[in-house]
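Trainee: Sequence:
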Amino acid sequence: MKYRSAVRFVLVGALGTGIQYGIYYLLLDIFQRHWQDLGILTSVAFTAGFIIEMICNYFITSFYTFKMRPSWKNAGGFLFGRAINYVLQLLLLNLLIWLHLSEEYSGILAIMLAGVINYFVLLPFYKDKKREK
25 MKYRSAVRFV LVGALGTGIQ YGIYYLLLDI FQRHWQDLGI LTSVAFTAGF IIEMICNYFI
85 TSFYTFKMRP SWKNAGGFLF GRAINYVLQL LLLNLLIWLH LSEEYSGILA IMLAGVINYF
145 VLLPFYKDKK REK
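Quick note, the numbering used here runs 24 ahead of the 1-based positions in the sequence shown.
Hints listed in this document are in silico derivations from the structure and should not be mistaken for laboratory results.
Just so you know, even glycine gets a beta-carbon here, dropped at the ideal spot from N, CA and C.
Warning: the hint list may mix true and false statements.
Stated by the list, open to error - Label-pair distances were calculated between CB atoms; the ranges are:
#, residue 1, residue 2, range
1, Ala72, Ala99, 17 to 27 angstroms
2, Trp59, Leu123, 19 to 29 angstroms
3, Tyr88, Asp61, 18 to 28 angstroms
4, Ala30, Trp122, 27 to 37 angstroms
Working from the sequences, and respecting the hints, build out all of it.
Mentor: Okay, structure coming up:
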């Protein structure tokens, strides 16, 4: 019972990872067909996937993971946590590419590594003595 929100967070995170990586991979494929040197387009594809996933994830995290209605307090905390998560993901993505890991593998690895941190950043913003349904 104590770890229920953590388990739900992992499930939502897996769904979010699928959404983000799916969009990233699709855009990466499209960009690779039209440009030989991806350069900044890798970051553009990654950012587009992140933004779409973030919108979906906010509502699922609020209603399912923490069983609370969206509010300005948890929206602010969520955006703060996701901003940190985005910077970390983008740094990891570019570091892994610099280390000669493919764009495809770098993307999924960066998402997964940064996702672990996100739960602990968000948790304080969703802690409330009066839980709403």
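Trainee: None of the hints should be skipped; say for each whether it holds.
Mentor: The hints, checked one at a time:
1. Ala72 - Ala99: 17 to 27 angstroms: 21 angstroms, holds
2. Trp59 - Leu123: 19 to 29 angstroms: 22 angstroms Cβ-Cβ, so the 19 to 29 angstroms window holds.
3. Tyr88 - Asp61: 18 to 28 angstroms: Since Tyr88 and Asp61 have Cβ atoms about 41 angstroms apart, the given range 18 to 28 angstroms is violated.
4. Ala30 - Trp122: 27 to 37 angstroms: 33 angstroms, holds
Of the numbered hints stated above, the single one contradicted by the structure is hint 3.
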